[in-house]
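Engineer: Residues per chain, in single letters:
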Amino acid sequence: MSLGSEEEVAQQVAVSTAPQESVAEAGHGTAPVLGAGAAPVAGAPSGLGAPLFTGNRRWEFLYFALRNKKLVSGLAVELVFIVLAIFGPLIAPYDPNKLVGPPMHAPSGHYLLGTNYFGQDVFSQLFYGLRDSYLVGFLGALFAAVVGMAIGFAAGYRGGVLDEVLQVFTNIIVMIPSLVLLIVISAYLKSRGVFFEGVFIGVTTWPWVARAVRAQTFTLRERDFVDLAKLSGRRATSIIVKDIAPNMASYLFLVVILLFGSSILLAANFDFLGLGPTNSISLGTMMNQSMLWSALQLHVWWWFIPPGVVITLIVAALLVANVGLDEVFNPRLRET
Amino acid sequence: MRRYFVRKLGTYLLAFFLGTTIDWGIPRLMPGNPVQIYLAKFQLQSPGSWEALNKLFSKAFGLDVPVWRQYLNFWDGVFHWNFGVSYTEFPEPVSRIIWSALPYTLALLVPAITLSYVLGNRVGAMAARRKALDNSVLPAGYVFQAMPYAWLALAMAFFLGAYYRWFPISGAYAQGMLPSASWSFVASLLYHWFLPFLTVFLVSFGGWAIGMRNLVIYELETDYTRYLRSLGASERLVRRYAYRNAVLPQLSGLALQLGVVIGGNIVTEVVFNYPGLGNLIYKAISGEDYFLLQGIFLFIIIGVLIANFVIDIVYVMVDPRTRLSMQGAQA
Numbered sequence: 002m003s004l005g006s007e008e009e010v011a012q013q014v015a016v017s018t019a020p021q022e023s024v025a026e027a028g029h030g031t032a033p034v035l036g037a038g039a040a041p042v043a044g045a046p047s048g049l050g051a052p053l054f055t056g057n058r059r060w061e062f063l064y065f066a067l068r069n070k071k072l073v074s075g076l077a078v079e080l081v082f083i084v085l086a087i088f089g090p091l092i093a094p095y096d097p098n099k100l101v102g103p104p105m106h107a108p109s110g111h112y113l114l115g116t117n118y119f120g121q122d123v124f125s126q127l128f129y130g131l132r133d134s135y136l137v138g139f140l141g142a143l144f145a146a147v148v149g150m151a152i153g154f155a156a157g158y159r160g161g162v163l164d165e166v167l168q169v170f171t172n173i174i175v176m177i178p179s180l181v182l183l184i185v186i187s188a189y190l191k192s193r194g195v196f197f198e199g200v201f202i203g204v205t206t207w208p209w210v211a212r213a214v215r216a217q218t219f220t221l222r223e224r225d226f227v228d229l230a231k232l233s234g235r236r237a238t239s240i241i242v243k244d245i246a247p248n249m250a251s252y253l254f255l256v257v258i259l260l261f262g263s264s265i266l267l268a269a270n271f272d273f274l275g276l277g278p279t280n281s282i283s284l285g286t287m288m289n290q291s292m293l294w295s296a297l298q299l300h301v302w303w304w305f306i307p308p309g310v311v312i313t314l315i316v317a318a319l320l321v322a323n324v325g326l327d328e329v330f331n332p333r334l335r336e337t
Numbered sequence: 074m075r076r077y078f079v080r081k082l083g084t085y086l087l088a089f090f091l092g093t094t095i096d097w098g099i100p101r102l103m104p105g106n107p108v109q110i111y112l113a114k115f116q117l118q119s120p121g122s123w124e125a126l127n128k129l130f131s132k133a134f135g136l137d138v139p140v141w142r143q144y145l146n147f148w149d150g151v152f153h154w155n156f157g158v159s160y161t162e163f164p165e166p167v168s169r170i171i172w173s174a175l176p177y178t179l180a181l182l183v184p185a186i187t188l189s190y191v192l193g194n195r196v197g198a199m200a201a202r203r204k205a206l207d208n209s210v211l212p213a214g215y216v217f218q219a220m221p222y223a224w225l226a227l228a229m230a231f232f233l234g235a236y237y238r239w240f241p242i243s244g245a246y247a248q249g250m251l252p253s254a255s256w257s258f259v260a261s262l263l264y265h266w267f268l269p270f271l272t273v274f275l276v277s278f279g280g281w282a283i284g285m286r287n288l289v290i291y292e293l294e295t296d297y298t299r300y301l302r303s304l305g306a307s308e309r310l311v312r313r314y315a316y317r318n319a320v321l322p323q324l325s326g327l328a329l330q331l332g333v334v335i336g337g338n339i340v341t342e343v344v345f346n347y348p349g350l351g352n353l354i355y356k357a358i359s360g361e362d363y364f365l366l367q368g369i370f371l372f373i374i375i376g377v378l379i380a381n382f383v384i385d386i387v388y389v390m391v392d393p394r395t396r397l398s399m400q401g402a403q404a
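Residue numbers (our numbering), protein chains in the order written: chain A, 2 to 337; chain B, 74 to 404.
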C-alpha cells in the first residue's frame, strides 16, 4: 500500500506554509527568483494566473510581486535591518564593549536605549548583535539547503534502496532535538565562533529541506520532459540541475526563507543559554547577560526588551514575506 | 500495514541506537575529557598527585578500560537506568536527579503542546477565508511564531511578574513551602506554573493557527468542496470536511515540531527558574556536570521517540485510509 508516500507528502506540506500540490503547479517555469538561468520547461501550461503581461513570465512575476503588500512590506523591513547590520559599526554611537556611561542609565538622548549593568551602550550593542543574527541565519539556511538538497535529490531521483536508506536516516535526524544536541556539544567547547554556530544549526536542520526536495523530485521525475532528458543520454546530475531543480526553485526558495528564520530563532535561544559565540556580541547573548545580572529584578527592561523586539521583527517580516511570495508563485492563494 | 509498522519500529530502534551512540561519543570526540576538566579545577602543583588523581577518577568514571568496553558498559548502564553519578550533587545518581525533575517538565510540556495544538487548529480553521478574523489572527500568529521563547519568557516575567507583581517568577512553588497534598500547596504550584506554561503555549499556538488556516484555505479550494457546495451542503458541513482533511498534515507537523517545543521549554524553564529538565541542563552546563548532561540528553531522546510513536498511532487511527486497511479490508 502506498501509505508511506502519502504520509511523506502530508508531512512535507506541514513544513512549508504552501500546500504541496499547489507548489508543483506554481513551479512551472516560474523560477526567476533564483535567476539561475531557469530554462522554460517544455510542456508547461501557460497562463496559470491572469496573464496580464502575455509573453514574458518574468514580468508577470514582477507585476504580482510588486503589488503584493505582504511581500513588499516584509522585504522592506528586512532591507532596513540588513542595511543596519552592514553599516551598523559606522552608525553605532559607541564602541559596544566600552564602558561609556553610568551603569543602568535609562534611555535618554545620550544613550538612546540606555546602558546596561556595566555602563555599555545598549543601542550600539544592538547594531553589532544584528550582524551575528543575520550571519547565523544565512549560514544555517545555506548549509541546511546544501545538505538537504543533496540528500533530497539523491533520494527522490534515484529511488529504490538509496531512497529507503536516506529516508530512514532523515527520519532519525528529525527526531533528535537540535537545540539539545547543540547544548551537549557546545558544553565541551571553550571557545566558539559565529561560523561554528551557523554551520552547526544548518547541519542539524537539513531534514526539512531533504523531505521537501525528495517529495517534489518524486513527482517531477515521472514527467515527460525528464524522460526526454534521460533519453538524450545526459547524466543524472545534469538532469537534476537543469531540468528538475528549476521546476521547484520557487518552492525551495520558500523553504530556505523559513529555515533562515528558524536558524535565527534557534541561535537566539541558544545564545540565551550562554552557549553562543564567545568572541562577539549577539542579540541572544545580550538577553543572556541581562538575565545573569538580574535585569528583571532591577527593572532594567531596556537591556533585554530591544534585542527580542528586533529578532521578532526580523523573523516576522521573513514569515510575512514568505506568505507574500507564496501568493505570487501560486495564483490560488492570491486574495481577489 | 504490517510492513508499515515493522518499518516504523525499525526506524525507532535505529534512532535509539544512534542517539545513544552520539550521547556516548560526544564526550570522547571533544577536546579534553571530563576527567581532565575536573582535574584542572583542583590546580594541582605536583605532577605526581595529578597522575594519581587522574588514575583514580578514570577508574571511578569507568574510563580506564578499552574504548569498545566503555561502549558496551554504557549500553549496560542504559538498560539498567544507570547513568553514573552527578558531579555537582556528588553522591546523587544522575537518574534520580532526572526523575525528580521530569514531572515539572512534563507538567509544562504536555498541557502546552496539546492545548496549543487543539486550540490553534480550531482558531486557524475559523480564521480561514473570513476576513475579519483572518486580519486579526494572522498577524498575531506571525508575531508569536517569530518570538524567541527566551524573550517572550523574559518579557512576561518582567511585565506580569517583576513589574506588576501579579505572578511569581521563580521556582515551582512558594519559598519555604514543603511539598504536601494540601490545597494551598496545589494552588501555589498552579500559580507558579501559569507563566512558564503560557510562554510555551503562546509561541506554539501561533504556528498551529497559521498552519491550519493555510491548509483549510487550500482544502476549501479543492474539487470535493466544490462538489459539496454544488450539492447544496451547508457551509458548516463543508468546513467540517475541510477541517478533517487538513488535520492530517498538522498531525505530522506535530511530530516535526516536538524538538523545537522542547528546546523552547528548556529556555523558558531557565528564565522562570522552574525546576524541570531544562533548568537541570542549564545547571549541568554551568557546573560542567557532563554525566548529568549525558543522562538528560538520553532521557530527552527517549521522550521524543515515545511521543513520535504515540503520534504515529494517533495518525493511523485518524486517517480513514489506514484505519480501513487496519480493519482487514486489505492486508
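Watch out, some of these pointers could steer you wrong.
Restricting the straight-line Cα-Cα distance to at most 30 Å, the calculated cross-link-like pairs of lysine-lysine (DSS-like) are [said to hold, decoys possible]:
no., chain 1, residue 1, chain 2, residue 2
1, B, Lys114, A, Lys191
2, B, Lys204, A, Lys99
3, A, Lys70, B, Lys204
4, A, Lys191, B, Lys204
5, A, Lys231, A, Lys243
No lab work stands behind these hints: they were computed from the structure. On a predicted model such as this, the values are computed, not experimentally measured, just so you know.
Engineer: Which of the numbered hints are not met once you compare them with the structure shown?
Structural biologist: The structure conflicts with hints 2, 4, although it agrees with all the remaining ones.
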